[in-house]
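Given chain A, put chain B in place with the hints provided.
Protein chains: 2
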Amino acid sequence: MSFVNQNYTNKLDNVFYKIGQKVNLFSKNNPNTQIISLGIGDVTRPFSDKLTNIMVNALLEQQFASTFKGYPPEQGYLFLREKIKERYKTFNVNLSVDEIFIGNGIGCDIANILDMFQDYTPLIIEPTYPAYFASSVLNGKTPHVLNATKENDFCVLPNVVEPKQYLIYLCSPNNPTGYTYTKKQLKEWIDFANKTNSIILLDLAYEFFIQEKLPHTTYTIAGAKKCVIEFCSFSKMSGFTNLRCSYTIIPKAIKRENVNLNSSFLKRQLTKFNGVPYFVQVGAEYVLSTQGQIEQQKNIDYYKNNVKIICYYLSKLKLDFVSSKSTPYVWLKCPKGKSSWQFFNDLLNNCAVIVVPGCGFGKCGEGYVRLSGFNSMENTIKACEEIYKYMIKEKCTT
Amino acid sequence: MSFVNQNYTNKLDNVFYKIGQKVNLFSKNNPNTQIISLGIGDVTRPFSDKLTNIMVNALLEQQFASTFKGYPPEQGYLFLREKIKERYKTFNVNLSVDEIFIGNGIGCDIANILDMFQDYTPLIIEPTYPAYFASSVLNGKTPHVLNATKENDFCVLPNVVEPKQYLIYLCSPNNPTGYTYTKKQLKEWIDFANKTNSIILLDLAYEFFIQEKLPHTTYTIAGAKKCVIEFCSFSKMSGFTNLRCSYTIIPKAIKRENVNLNSSFLKRQLTKFNGVPYFVQVGAEYVLSTQGQIEQQKNIDYYKNNVKIICYYLSKLKLDFVSSKSTPYVWLKCPKGKSSWQFFNDLLNNCAVIVVPGCGFGKCGEGYVRLSGFNSMENTIKACEEIYKYMIKEKCTT
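One line per chain: the protein sequences are A and B, in this order.
For the first sequence, position 157 (counting from the first letter as 1) is numbered 157 according to my numbering, and the numbering increases by one without interruption.
For the second sequence, position 135 (counting from the first letter as 1) is numbered 533 according to my numbering, and the numbering increases by one without interruption.
Check each hint, because a few of them may be wrong.
[Claimed, not checked] 20 Å max Cα-Cα, derived EDC-like pairs, lysine to aspartate or glutamate:
#1 B:K467 - A:E378
#2 A:K69 - B:E776
#3 B:K793 - B:E783
#4 B:K467 - A:D42
#5 B:K539 - A:D119
#6 A:K18 - B:D496
#7 A:K336 - A:D301
#8 A:K11 - B:D447
#9 A:K50 - B:E459
#10 A:K141 - B:D517
#11 A:K69 - B:D440
#12 B:K448 - A:E61
#13 B:K409 - A:D153
#14 A:K255 - A:D119
#15 A:K69 - B:E655
#16 A:K69 - B:E693
#17 B:K467 - A:D49
#18 B:K416 - A:D98
#19 B:K467 - A:E295
[As the list claims (entries may be wrong)] Listing some non-contacts, in silico: residues in chain B with all C-beta distances to chain A over 10 Å:
#20 D517
#21 T639
#22 A651
#23 V678
#24 C709
#25 D718
#26 S724
Just so you know, the hints here were simulated from the structure itself, not pulled from any lab data.
Ideal Cβ placement from N, Cα and C applies to all residues, glycine included.
Bound conformation, chain A alone:
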């Protein structure tokens, strides 16, 4: 027995932290070189005038006693939860506003939800968002890891899983591969979860990027409301990575061992969370309006066009990669059997382009890198040109 949580002594490489260190060193040695980042999945498109004005006006309310806002409600303002409820209606899903929790980012929400669980086995399909693994380890758990690889078309289904009670992390569209589950595949996971009394934590951070006729939610699927918690965010959808706003859906029908998880999470939020600022939620409400959605779609199309550009260059080089119509990312196999970090170094040192080493998304991501479409079109083209020239020179085409 230990006074402190010894799990925090586990070595957990934060790939983005390590990238930062390498980039800083490169900058220092090459002060005049422009570095282009196709690395961290961070948005770059500025806010529309309308969105900015609405948020500024909401902020100005703090200047007058009559409109001054104090503590925000822990579960989120009703106006935003109503708007999210409306959005789900467009998917033919009926939610109660009590099933919606406003949070300050999926990163926090999907880690905080672990407070609700005690003796569980995390089931993680890699490559994926590294925080699932890291937060499990910090909680003293040993995740059961499945690999999404070229061999299984980057899609893992429950038929390969030993039936046990898991906390199942699904990310669709997947970060980094872009793989997006079909309704039939999600149904398989839901049936598996209900059969094994497991819970699915579905990370929908890239839900707004879904273009094909693929599901934006599981709640149209029978049984989903008994086992799926959905995590969504305004970060990538509307450029809110700085503002921090997300929402978590915990259906009231989810119970395990007579514990209602919706009630548990409400208790958690009332005790350990104090809500999200008013004007951030006002901005988020606008983003879900008809006009807001049109604006967001423009940005998403812009990022997706960058993905097309990246794919165009990689295709010309006949490199081995995957992407999809529903993702801002490209998942590229390193040429010549290079390791993720080797290829990262090559691209940084020869092209001044930052990518993310695939090993940061799990062991099976070794030998891959992730490229993102979140930069400007000009920078994306420039980066691709540099990569193209370098690869031709190094004869890195197949």
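Just chain B now, with coordinates in the frame of chain A:
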């Protein structure tokens, strides 16, 4: 062994939630009665023009690609951490910016810090902020509770505590009693903590209200940097309850069982937290500037004047209460041996005034209520007049 965390099934009355229900019912039955709240400790003074402008300008940066901000740094922007470091210098304390973590509220920070600990006994001095007890229980711990009462002048010192390794919650100035520790008393707690390998979690939410020559930090006291984590917030100081911004100081010298708690918490934040919005931190930086401090002091003086008004009326009634020069609160013994909720009901139903039942701050708070100075002066006077009239009528004076 249980899949879900059964500690969440513990009954935890949220006193503020229950107040809300009672007030809603009263409003419904008395639609034309103006209710005045001397209840929840939530700020009401609007932002200054300067603070608002600075934050609006920071928000406007999101409208342009060249100034657009993405993910905030998990530990907080350096400019704000530098400013906090400067503030500590005015107390003759040298901190490194790495010892400062920007968070989104003490409520979150002081609950999140529990992730760093495993087998510990919480030591809680009641009456106090109820989240210490609640978050301990949700973490499966049975707090060791000590009572601050009239008999010990609302001050508990470690000489009455069995030496054991604890997580010690101190709140100074205390919410709700207003009791503020002297340097000598804090030294006793620090010596006790170092002798027992305990850790002190010092909640300084009301630090800016400290008026007498009492310590704003423990780090001028020998040994403090080996055992004290300090939690501060912009909520009450600068009216940021809606904006959510706080800071936690974890000295690098704090180690237990060879685990460095500063490193652990950094790992936690990198994994489970995504930072606080840019313009909120810009606002917080301004608040710590010379001009910002002058503005904040005006608001704090305003709230304290309300406390004086409340004390004036209660003194006229010769009621039994405590407060201090360093608190926005008054801790009042219910007259005629009434229970906290009885007296709450009396004041709501007869005066249309909301207070907080003392039992919400711990069992020993039963028979007390807390009154807050956070309303407008006009409303505070009106509420006091109503209370005065009612108490005279009911012969509730001593």
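Is the claim that V678 (chain B) lies outside the interface with chain A correct, judged by CB distances over 10 Å? 7 Å, violated
Hey, does T639 (chain B) actually stay past 10 Å from chain A on C-beta? Nearest chain A Cβ is 5 Å from T639 (chain B), so the label is violated.
Hint consistency between K448 (chain B) and E61 (chain A) [alpha-carbon to alpha-carbon, up to 20 Å]: 14 Å, holds
Determine whether the non-interface label on C709 (chain B) survives the test: each CB of chain A must be over 10 Å from its CB. 23 Å, holds
Can we trust that A651 (chain B) is non-interface, i.e. its beta-carbon lies farther than 10 Å from all of chain A? Per Cβ check, A651 (chain B) is outside 10 Å of chain A; nearest 15 Å; holds.
Measure nothing beyond the straight line between the CA atoms of K255 (chain A) and D119 (chain A); if it is 20 Å or shorter, mark the hint as holding. 15 Å, holds
Cβ separation check - D517 (chain B) to all of chain A, threshold 10 Å: D517 (chain B) is in fact no farther than 10 Å from some Cβ atom of chain A, at 4 Å.
CA of K69 (chain A) to CA of E776 (chain B), is that 20 Å or under? Within the cut-off at roughly 19 Å; holds.
Straight-line Cα separation of K69 (chain A) and E693 (chain B) no greater than 20 Å? 18 Å, holds
Is the hinted pair K18 (chain A) and D496 (chain B) satisfied, with a Cα-Cα distance of at most 20 Å? Judged against 20 Å, a Cα distance of about 17 Å means the pair holds.
Given pair status - E459 (chain B), K50 (chain A), alpha carbons within 20 Å: Satisfied, since the Cα-Cα distance of roughly 14 Å is no more than 20 Å.
Straight-line alpha-carbon gap K69 (chain A) to E655 (chain B), limit 20 Å: Violated - the C-alpha atoms of E655 (chain B) and K69 (chain A) are around 44 Å apart, more than 20 Å.
Going through the hint list in order, the structure does not satisfy hints 7, 8, 13, 15, 20, 21 and 23.
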